[in-house]
Amino acid sequence: MEEKKRELLVYQAKVCEQAERYEEMVEAIKEVASAEVELNIEERNLLSVAFKNLIGSRRASWRILSSILEKEESKENNEEGVKKITVLREKIENELEKICEGIFKILDDHLIQKATSGESKAFYYKMKGDYYRYFAEFTSGEKREKASEQSLLAYKNASEIANSELATTHPIRLGLALNFSVFYYEILNSPDRACHLAKQAFDDAIAEIDDLTENSYKDSTLIMQLLRENLTLWTSEFEDDDDDDEYDDDEDDEDDEDDDDDEAVEED
34 MEEKKRELLV YQAKVCEQAE RYEEMVEAIK EVASAEVELN IEERNLLSVA FKNLIGSRRA
94 SWRILSSILE KEESKENNEE GVKKITVLRE KIENELEKIC EGIFKILDDH LIQKATSGES
154 KAFYYKMKGD YYRYFAEFTS GEKREKASEQ SLLAYKNASE IANSELATTH PIRLGLALNF
214 SVFYYEILNS PDRACHLAKQ AFDDAIAEID DLTENSYKDS TLIMQLLREN LTLWTSEFED
274 DDDDDEYDDD EDDEDDEDDD DDEAVEED
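Here the sequence shown stands for residues 34 to 301, numbered as in my numbering.
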């Protein structure tokens with residue numbers, strides 16, 4: 034791809050982001066990602082933000098409809114209402130599946146293969162784990178089982194790289210621990226492993242917090258706070274499963290190279 038065309042596509046993606054036209058933003062940055070050159074930090078973050086916003090609203094819609102559907106199913110003589118909500122939720126599920134398949138193809142066919150740094154590799158494997166986790170959220174049976182397996186594998190690959198090549202306070206490593214722990218808690222129903230992973234990441238980062246650079250201090254401490262909030266939620270004797278939300282690192286956009294991550298606080 035010619036450099037001028039690449040720059041124009043990146044510019045287009047930025048404009049689309051400002052205009053909140055995320056479908057067009059995805060198409061622009063997908064073309065850049067499909068070229069034979071590794072993405073730089075800015076392009077990598079644009080890709081993450083584009084897909085994050087594209088899928089985020091649909092995940093929220095799916096959760097709302099699922100809650101409504103559960104209430105409607107408890108009512109008598111409400112078959113028509115249940116049917117309409119079910120049809121709408123299935124439409125959203127199809128959209129979610131299409132988005133996930135799109136990012137899987139880019140990651141597997143281009144981005145992971147071309148990544149040269151440990152940071153990039155961890156970022157892309159984490160992203161793969163995140164989107165298979167999202168896929169598992171709205172599927173069931175064999176589809177959910179396969180998505181869970183792929184998510185676990187991707188998170189483990191990301192963790193192996195992050196733990197050997199990134200500092201304990203690096204935002205990507207912390208964000209990975211945050212989202213991986215949410216995966217254990219929500220998808221695998223393993224609160225013990227979720228808490229162990231989150232606590233280990235938090236404690237390791239606290240031990241090295243004085244070594245944080247000014248550039249990453251804000252992002253790292255924010256994710257550490259989210260890790261602590263999840264630990265508090267998960268270990269609380271007064272936890273209310275219906276009202277409390279956990280966090281993952283996709284909840285907030287990060288402004289630097291580590292922009293990436295609901296029901297748990299996560300890095301959306």
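No wet-lab data here; the hints were simulated from the structure. Be careful, since some hints might not be right.
As the list claims (entries may be wrong) - What follows is a list of derived Cβ distance ranges for each label pair:
(1) K116 with E64: 38 to 46 Å
(2) E193 with E106: 40 to 48 Å
(3) K37 with N222: 37 to 45 Å
(4) K124 with L186: 52 to 60 Å
(5) E178 with E69: 30 to 38 Å
(6) K47 with S90: 14 to 22 Å
(7) E175 with D237: 47 to 55 Å
(8) E106 with E69: 36 to 44 Å
(9) D243 with M34: 36 to 44 Å
(10) N73 with N222: 14 to 22 Å
(11) Y250 with S107: 47 to 55 Å
(12) K37 with E175: 41 to 49 Å
Said to hold, decoys possible - Listed next, the in silico SDA-like pairs over lysine to any residue satisfying Cα-Cα at most 25 Å (straight line):
(13) K117 with S150
(14) K189 with I145
(15) K37 with A52
(16) K251 with S223
(17) K47 with E71
(18) K124 with S99
(19) K147 with C228
(20) K154 with A52
(21) K47 with N73
(22) K179 with D225
Source: prediction; values computed, not measured. Glycine included, every Cβ here is placed at the ideal spot set by N, Cα and C.
Hints, one by one, checked against the model:
no., hint, result
1, K116 with E64: 38 to 46 Å, "40 Å, holds"
2, E193 with E106: 40 to 48 Å, "43 Å, holds"
3, K37 with N222: 37 to 45 Å, "51 Å, violated"
4, K124 with L186: 52 to 60 Å, "30 Å, violated"
5, E178 with E69: 30 to 38 Å, "35 Å, holds"
6, K47 with S90: 14 to 22 Å, "20 Å, holds"
7, E175 with D237: 47 to 55 Å, "37 Å, violated"
8, E106 with E69: 36 to 44 Å, "51 Å, violated"
9, D243 with M34: 36 to 44 Å, "43 Å, holds"
10, N73 with N222: 14 to 22 Å, "39 Å, violated"
11, Y250 with S107: 47 to 55 Å, "48 Å, holds"
12, K37 with E175: 41 to 49 Å, "47 Å, holds"
13, K117 with S150, "48 Å, violated"
14, K189 with I145, "15 Å, holds"
15, K37 with A52, "23 Å, holds"
16, K251 with S223, "30 Å, violated"
17, K47 with E71, "19 Å, holds"
18, K124 with S99, "13 Å, holds"
19, K147 with C228, "34 Å, violated"
20, K154 with A52, "30 Å, violated"
21, K47 with N73, "15 Å, holds"
22, K179 with D225, "22 Å, holds"
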